[in-house]
Amino acid sequence: MRWKDIWVIAGKVYEELMFQGYFASRLTGLSPTDKVASRSVRNAKLYKYFMSALYGGMMLITVPLGSVDKAYLPATPITVFFWVYILVFISAFQISFSVSSSPHIRNFLSTLPLDYAEMQLVSALSILRAVDAPIAVSLAVPLLVGAFFGSAYALNFFISSISGISLALATDVMLSYGFRKVSIGSKASGLLRAGSIVPVVLLAGVAFDVPTFIVGHWKAYFSLVPVLDLYWINATSVVASVVYAVVFSSLAVYGFSRQAVYLLVPEEYVGKAFAGDLNIRPTGRTFAIIRLDLRQATRSRLASLLSIPLIYFALALVAATSTRSLISQYYLLFWGSYIIPATFASAMLAYALYASEERGLSTLITLPISKLQNMLSKCVVTMGTYGLVSLLMSALMVYDGKPSYALPVILMEFPLMASVAFAGYYFDKVFKGGGAGMASSATALFFALGVILIISVPSGIFLAVVYVSGNVVTASLALPLVSLVEMAPFIYALREDRNRYKYP
Amino acid sequence: MLQVSSLVVKYGEKVAVDHLSFTVRAGEIYGLLGPNGAGKSSTIKAILGLVPVEEGIVSIIGKRAPSKDLMNQVGVIFESPATFDVLTPLEFFEFIISVRGIRDTSRIKTLVEAFDLNGYMNTPIASLSMGNKQKVAIIAAMLHRPKLLLLDEPFNGLDVKSVRIFKELLKMHVEEGGSAIFSTHILDVAEKICTRVGIINQGKMVAEGTVEELRNQVKASSLEDVFLKATEEEEEVKSLVSALTGA
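Note that the protein sequences, when read in sequence, are chains A and B. Sequential numbering of the first sequence, starting at 1, is according to our numbering. Sequential numbering of the second sequence, starting at 505, is according to our numbering.
There could be a bad hint or two in this list.
[To be verified] Listed next, with one range per pair, are the computed distances between beta-carbon atoms:
| id | chain 1 | residue 1 | chain 2 | residue 2 | range |
| --- | --- | --- | --- | --- | --- |
| 1 | A | 395 | B | 566 | 55 to 61 Å |
| 2 | A | 116 | B | 518 | 54 to 60 Å |
| 3 | A | 250 | B | 690 | 54 to 60 Å |
| 4 | A | 477 | B | 507 | 15 to 21 Å |
| 5 | B | 518 | A | 108 | 58 to 64 Å |
| 6 | B | 518 | A | 395 | 42 to 48 Å |
| 7 | A | 140 | B | 559 | 36 to 42 Å |
| 8 | A | 283 | B | 620 | 23 to 29 Å |
Honestly, the hints are just simulated from the structure, not real lab data. As the structure is a prediction and not an experimental result, all values here were calculated from the model. Even glycine gets a Cβ: it sits at the ideal position worked out from N, Cα and C.
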C-alpha cells in the first residue's frame with residue numbers, strides 16, 4: 001500500500017482513538033447524535049493544537065523569567081522539562097484508554113488490504129499523530145527561547161525537551177500498559193487511575209512555582225529529585241542530561257512500539273472469574289446512590305479528581321516549609337491560593353459524577369430517585385474529599401498557632417455545597433432525557449465558569465470582611481451565609497421529580 | 505394498564521411521533537412495530553419522559569405519566585443496555601434493589617441462574633459481551649416485578665436459550681396480569697408472542713389489531729406482508745428485488 005494511503009488510514013484511526021478517548025473520559029455509551037459525534041471528532045482534532053498553543057505560550061512566558069534575575073537562570077532547563085513533559089503526557093494520555101481497549105481498530109484494519117507490518121505502521125502512526133503538534137512545539141519553542149539565552153542554553157533546553165518528551169511518552173505507555181493489565185473494577189485499577197494525574201498536577205504546580213523561587217530554595221525543593229538536580233549548565237550536568245535523555249528515549253521507543261502492537265492484538269479479559277454463592281447486600285436508597293457514586297469515582301478516570309485536593313495540600317505543605325518566613329506575612333493569602341483550587345477541584349468532581357451518570361441515565365431515570373437525593377450523594381463524595389484536605393490544613397494551622405484560620409478552611413464546604421447544587425441544576429437542564437445532552441469540553445467549561453463564580457462570591461466577601469474588620473472568625477460567617485443564598489434557587493429547582501420532561 | 509392519547513414528539517422540525525394513540529390492556533403484550541425511524545423508541549422514551557412531548561397524555565395504571573411514583577410499576581429494557589459499566593452485575597443488581605427497596609434477594613438468584621450469568625457476577629459490565637449486557641439489563645428491569653414492561657428490541661444479542669427463557673418470563677408476566685409494550689424488528693417473534701400489534705410509520709399509527717385481524721384486513725399470509733403493505737413498502741421492495749435479480 002502507498003505511503004499516502006497508510007498516512008490517511010492512520011489519520012482515521014487516530015480520529016477514532018481520540019473519539020473513543022473522549023467517550024472514555026465522559027464515561028458514556030449512549031449513542032450520540034450525528035451532530036454531537038462530528039463535533040466531538042472536530043474537538044478532538046482541535047484539542048492537540050489548542051494544548052500545543054497553550055503550553056507553547058506558557059513556555060514562552062515562564063522560561064524567559066529566568067533572565068529577570070541571574071539567580072533563576074539555572075532553573076530554566078527544569079521549567080522547560082516540566083512544560084514539555086506535561087504537554088506531551090496530557091496529549092498522549094488522551095488516547096491511553098482507547099489504545100488499551102480498542103479491539104474494533106484491529107477488526108477494522110483486518111478488513112483492509114494491509115499486511116501485518118503495514119497494520120503495525122498504521123497503528124504506530126495513528127498514535128504518533130496524537131502527539132505530533134505537541135512534540136513539534138516542545139522542540140521549537142525551547143530552542144527559540146534557548147537561543148535568547150545563548151547557545152549553551154539552547155543545547156540544554158533541547159536536551160531537556162528530548163528528556164521531557166521521552167519521559168512523558170514512557171510514562172504514558174506504562175499507564176496504558178497498566179490500564180490494559182488491570183481489570184476495570186479492581187482496586188489496582190482505581191489506584192492507577194487515581195495516581196495517573198499525580199505527575200501532571202505535581203509538575204504543573206512546580207512549573208508555575210520554579211521561577212518564583214530563589215535558587216537556594218529551589219535546590220532544597222528538588223533535593224529529593226536527583227535526576228532534575230543535575231540540570232545545571234556545566235560539563236557534568238550536560239553529560240548527565242544526555243544520559244537521561246538517552247535512557248528516557250529508549251524507554252519511550254520500546255514502550256511506544258509495544259503500544260502500537262496493543263491495537264492489533266485480540267482483546268483479552270483479565271478480570272477475575274466469579275465462583276461461589278451470591279452475597280447480595282441491599283442497603284438504604286440514599287446509601288445505595290452514595291455507594292454508586294463512590295464506585296464511579298474510584299473506578300474510572302474520575303479517580304484522578306479525588307486525588308487533586310490532596311495534591312494541593314501536598315504542594316502547599318512543600319511551599320509552606322520552604323518559604324516559611326514569607327508565608328507568615330501573607331498567611332491567609334498563601335493558604336487561600338491552595339484552598340480555593342482544592343475547593344474548585346472538588347466541585348469539578350461533582351460535575352464528573354453527574355457526567356458519569358449519562359451511561360446509565362436511562363436506567364437511573366426509571367428508578368425512584370429524587371433529584372435532591374441524587375445531589376445529596378454528590379455532596380457526600382465531594383465534601384468528603386475536600387473535608388479530608390480541610391482537616392489536614394486545619395491541623396497545620398493549629399500547629400502554626402493560628403487556629404482561627406482553620407474556621408474558613410472548614411467553612412469552605414458551604415461554597416462547595418452550593419457548587420454541587422449548581423451541578424445538579426446544570427445537569428438537569430443540559431442533560432435532560434436519556435442521551436439528549438452530552439458532556440463535552442464546552443459544557444465542562446461553562447460549568448467551571450459557574451463554579452468559579454459561586455466560589456468567588458463568598459470567598460471575596462470573606463476577604464473583604466477580613467480586610468475591613470480584621471477578624472477572621474467573624475468574616476468566616478460570610479462563607480455559609482452567602483453560599484446558602486447562592487444555593488437556595490438551585491435547591492428550589494431541584495425539589496421536583498427527577499429530570500423528566502413534563503407533559504404540556 | 506397504559507393509555508397513550510394523541511402523543512406528539514418533535515426533534516426540532518422533525519416530527520418523530522405524530523398524534524399517536526393506543527391502549528395496552530392488562531395481561532396483554534402489545535407489539536409496537538415499524539420501519540427504522542418510525543418513532544417506536546421515541547414513543548417508549550416519551551412514555552418515560554425521556555424526550556420532550558409536544559402534545560398528548562400518557563396514563564399508566566390510571567395515573568398521569570411521567571411520575572416518580574410510577575417508576576416501581578414500570579420495567580424498561582432499552583435497545584442499547586443502559587447500565588453502569590464500572591459496576592459488576594452483582595453491584596448493579598444490589599444498587600437496583602436497594603433503590604427500589606427490595607429486600608428479598610431470591611429473585612436475583614433465580615434470574616441469574618436462568619440467564620446463566622453466574623460466572624460473570626464479579627466481572628465489570630464493561631467487559632461483558634453484548635448478549636450478557638442485555639441479560640443484565642433484562643434482570644434489572646424485572647427484579648421488582650413491574651406491572652408494565654417497556655421493551656425496546658429486548659432480544660438484541662441474546663442467545664437462543666436466553667431468548668426462550670425471556671419469552672417464558674414474559675408469558676408468566678402477562679399470566680400474572682402484567683402487560684408489555686414490545687418494540688421489535690423481528691416480526692416472526694412479534695407474530696408469536698404479541699396479543700395485539702400496532703404498526704407505526706413516520707410517527708403515525710397505520711394499522712392496529714391482532715395479527716389475525718390484520719392478516720384478514722389486507723389479505724396477507726404473514727405479519728411481514730401486513731407490515732410491508734401497511735407501511736407502503738411492498739411495491740418498493742418488489743421493484744428493488746427485481747432490480748437486484750436483473751443485476
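Here's how the hints hold up against the structure:
1. 395(A) to 566(B): 55 to 61 Å: holds (59 Å)
2. 116(A) to 518(B): 54 to 60 Å: violated (46 Å)
3. 250(A) to 690(B): 54 to 60 Å: holds (56 Å)
4. 477(A) to 507(B): 15 to 21 Å: violated (55 Å)
5. 518(B) to 108(A): 58 to 64 Å: Distance hint for residue 518(B), residue 108(A) is violated at roughly 31 Å.
6. 518(B) to 395(A): 42 to 48 Å: The hinted range 42 to 48 Å is violated for residue 518(B) and residue 395(A), with Cβ atoms some 59 Å apart.
7. 140(A) to 559(B): 36 to 42 Å: Given a distance of about 60 Å, which is not inside 36 to 42 Å, the answer is violated.
8. 283(A) to 620(B): 23 to 29 Å: Since the Cβ atoms of residue 283(A) and residue 620(B) sit about 27 Å apart, the hinted range of 23 to 29 Å holds.
Hint check: violations occur at hints 2, 4, 5, 6, 7; the rest are consistent with the structure.
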